[in-house]
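Those protein sequence lines, which keep their order, are chains X and W. Okay, so the first sequence: first residue is 1 according to this note's numbering, each after it adds one. Okay, so the second sequence: first residue is 1 according to this note's numbering, each after it adds one.
If you are wondering where the hints come from, they were derived from the structure by calculation, not from laboratory data. Any given hint could turn out to be false.
[Claimed, not checked] Ranges between beta-carbon positions, derived for each pair:
#1 W/Glu-153 / X/Asp-105: 47 to 57 Å
#2 X/Asp-172 / W/Glu-67: 30 to 40 Å
#3 W/Pro-72 / X/Glu-183: 55 to 65 Å
#4 X/Glu-45 / W/Arg-332: 49 to 59 Å
#5 W/Ser-314 / X/Gln-215: 45 to 55 Å
#6 W/Thr-55 / X/His-3: 52 to 62 Å
[Unchecked claim] One-sided excerpt, in silico: chain X residues whose CB lies under 7 Å from chain W:
#7 Leu-4
#8 Pro-80
#9 Lys-83
#10 Arg-145
#11 Ser-236
[As the list claims (entries may be wrong)] Not everything, but these chain W residues come out facing chain X in the computed CB check (under 10 Å):
#12 Pro-76
#13 Asn-98
#14 Pro-100
#15 Lys-114
#16 Val-140
#17 Ile-188
#18 Val-193
#19 Tyr-281
#20 Ala-308
#21 Asp-394
#22 Asp-397
Source: prediction; values computed, not measured. Built from N, CA and C at the ideal position, the CB exists for glycine as well.
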Amino acid sequence: MLHLLKARLKHGYQAIPDPLTVGIDPAFPGLPELARDADLTLLNELCPTQAFTPQGLDLGRCIFCGLCSRKYPEMITFTPNYKMAADSREKLIMAPGQTALPKIDFILPRKFRYSFALRSVSAAGCNACEMELGASNNVNFDISRYGVETVASPRHADGLILTGPISRNMADALAETWQAIPEPKYLILCGACALSGGLFAESEASDRAFLKHWQACLYIPGCPAHPLSIISAIVSIMKGS
Amino acid sequence: MLKAELNYSPCFEPVQPDKLGSFLDRLSELATQGFQPLAFWGTDERLIYALMGKTGELELLCTPFPENLHYPSLTPLFPAFQIFERELYEEYGIVPINHPWLKSVRHPLGGSVKIADYPFLKSASKLIHEVGVGPVHAGVIEPGHFRFLMQGEIVEHLEIQLGYQHRNLLKMLTTGPLAEKMPLAESIAGDTVIAHGTAYCRLVESLAESSPQASDIRALLLEMERVAMHLSTLSALAGDVAYIMGQNLYAALRTTVINSTLSICGSRFGKRALSPGGVNYPLNKTLIDTLKAKMQKCAGQIESTSEAMFACTSLLSRFDDTGKISREEALRFGFTGISAKASGIAVDARADFPIWDYPGFTVQTESSGDVYARAYLRYKEIMQSLIIIQKLLDQIDPSAPILAPVKELTPDKIAISIVEGARGRIVHIARSKDEHSALWYRVIDPSLVNWQALSMAVAGEQVSDFPLCNKSFDLSYCGSDL
């Protein structure tokens, strides 16, 4: 018992007082900013996921590997802004000169304002997004303070948070889990693989047909998505941003 | 026979195929001498390769695909081959005759068995009932299916079916220029970014006959990854037996460690950090000092948390004697990493095939082979890694170059790289085709061989101890599904 008290005292207070406003290490590559004259074709040649479209950088595809910003720092920088999410895939494109993502308009019905239960499905995620999702509810980040919990059964869930590019071998299990969630239900995509297939978009072993049938209400970029990105995104659809 | 010395990632001319008979005889001979199969696989050249290794020694041999695609299985005498022979069967239809458990492993596209039709072991006994768990689990974890044959509360048999995470990664590594596959290598297992990433980088550098810069920063990141992963496992183990204080303290400590990794490269998992030729981000003096102070403080906190946890009798009564793997079993099945070291086998790539100099490094082991051994060993490895981290931080020169250009690959060479990740020995092996791409690329994550250990550990245990046993091994799904 004395050991335990000693250990506890050495740790002090661990929770982040306000995960919605807390600062982050400047080394963190968050929301990118493209120079107005950035050469998108040149940048796309470097990009392992071809995330640069003629309109700008698609955060749904970006894996934040930093290849572009290390080679052409005058064209693109990643700011430490972790608040990156959108309620549609189209809104995730950062055009040259743009400094913020459009506001998230989607808001859950009022009854989910203080309680939102999610079922997590990993469909060929590499365990980085999964661990960050787990970390969102650890003693530091503590997403449960907002009434968000990850539940063991889809029957108890209000929504599904998907990580991974969806392998062919997980396609049925994902569809069945989604089916088992009672209405009304909401789909959240977390991380570059879930959003676009990421590095595995072209893999023969991916099967993303599920997303042709079902529309997500929230898209959280990252490789993996940072717990602070996950928390701010989910809270914004519960309470409005 | 290749002899390991420091900086060990050999690159050599392709080996000449042996006749099937002498290939199998040599494998048996080596296995009898204490060599383990580090890898055993088929390639599109219609060759079966085997990489055998023991402390400081490696032997690579190969043979053409046998006529009629049949050969006598090695598994009955040397069970360490079991999973490799199943892979060979699944990928090329080569049947090892008398293999006791010839089933598919990953269910790749075009395979003979769909994942939904997997032939589980059944029992006709009325005393036995079945419990199925997964692929979607209660927690936030990767998918896999566990099928228990139960007698009352006791597990008679556990069959583990994987393949849900299969992403066709090995084929993707051979499509396009090999030196541009860094992000893919980081995604082999997203919790083992540095270990797999280092193995990949060393392989590319070896094929290109380039020597990398900033090895000490790589070594630092690798040890930090080990500390973070072990903390994550200890946190989950504490949580599984409702020791909530331990769960939270270890989780908070892991946050500190991975946030320190973020301060180096921008990613809590070490993504972005490595590149063939060196590392992408330098360490300046201020950062080195901050890291030293943070890791020093962490060491004290981990010590006090662990002293408290491993003195808690209610926790120990769950950990002790649960999920035992004997030394004999671990040797026969060729387990690696924590799964072997906790059963008293001193196997660690940092000592066996060192790519860096770890002065005075001794392999940490435990002898009881149970959940306690695997947990306590993680604590010992954390403390050992923290000492290595301090030494590395002392020796890193902030003004040293961090990235050397990597030349083109030398065509038609084979290279091997071996790295000790948090879970055990990671082996990457590839053959270059031309100046840019690989003919084949093979990745062996320690989880691939170690899943069998979990099956064996829970046999005879109560099913309620399954989560605890599972976590004590803490294996990777995507690392073995690839």
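Results for each hint:
Distance hint check for W/Glu-153 and X/Asp-105: the Cβ-Cβ separation is about 52 Å, which falls inside the suggested range of 47 to 57 Å. Between X/Asp-172 and W/Glu-67 the Cβ separation comes to about 39 Å, which falls inside the hinted range of 30 to 40 Å. Between W/Pro-72 and X/Glu-183 the beta carbon distance is about 57 Å. The supplied range of 55 to 65 Å therefore holds. Distance hint for X/Glu-45 and W/Arg-332: a CB-CB separation of about 51 Å, consistent with the stated range 49 to 59 Å.
Checked against the hint of 45 to 55 Å, the C-beta distance between W/Ser-314 and X/Gln-215 comes to roughly 48 Å, which is consistent with it. Roughly 38 Å separates the CB atoms of W/Thr-55 and X/His-3, a value that falls outside the hinted 52 to 62 Å. With 7 Å as the threshold, the beta carbon of X/Leu-4 comes within range of chain W, its nearest partner Cβ sitting at about 4 Å, so the hint holds. For X/Pro-80, the interface hint is violated, since its Cβ never comes within 7 Å of a Cβ in chain W; the closest pair sits about 9 Å apart.
Restraint check, X/Lys-83 versus chain W: the minimum CB separation of about 17 Å is more than 7 Å; hint violated. A least Cβ separation of about 14 Å between X/Arg-145 and chain W goes past the 7 Å threshold, and the interface hint is therefore violated. The beta carbon of X/Ser-236 is not positioned within 7 Å of any beta carbon in chain W (closest approach about 21 Å), and the interface hint is therefore violated. Here the hint on W/Pro-76 is broken, as its CB sits about 30 Å from the closest CB of chain X, past 10 Å.
A least Cβ separation of about 29 Å between W/Asn-98 and chain X goes past the 10 Å threshold, and the interface hint is therefore violated. The beta carbon of W/Pro-100 is not positioned within 10 Å of any beta carbon in chain X (closest approach about 25 Å), and the interface hint is therefore violated. At a threshold of 10 Å, the smallest CB-CB gap from W/Lys-114 to chain X is about 9 Å, leaving the interface hint in force. Satisfaction of the interface hint for W/Val-140 is found here, the shortest Cβ-Cβ separation to chain X being roughly 4 Å, below the 10 Å cut-off.
Restraint check, W/Ile-188 versus chain X: the minimum CB separation of about 7 Å is within 10 Å; hint holds. For W/Val-193, the interface hint holds, the least distance from its beta-carbon to any beta-carbon of chain X being 7 Å, beneath 10 Å. With 10 Å as the threshold, the beta carbon of W/Tyr-281 comes within range of chain X, its nearest partner Cβ sitting at about 8 Å, so the hint holds. Contact between W/Ala-308 and chain X, as hinted, is supported at the beta carbon level, the nearest pair being about 4 Å apart and thus within 10 Å.
Because the smallest distance between the Cβ of W/Asp-394 and any Cβ of chain X comes to about 22 Å, over 10 Å, the interface hint for this residue is violated. Interface hint status for W/Asp-397: violated, as the beta-carbon distance to the closest one in chain X is roughly 20 Å, over 10 Å.
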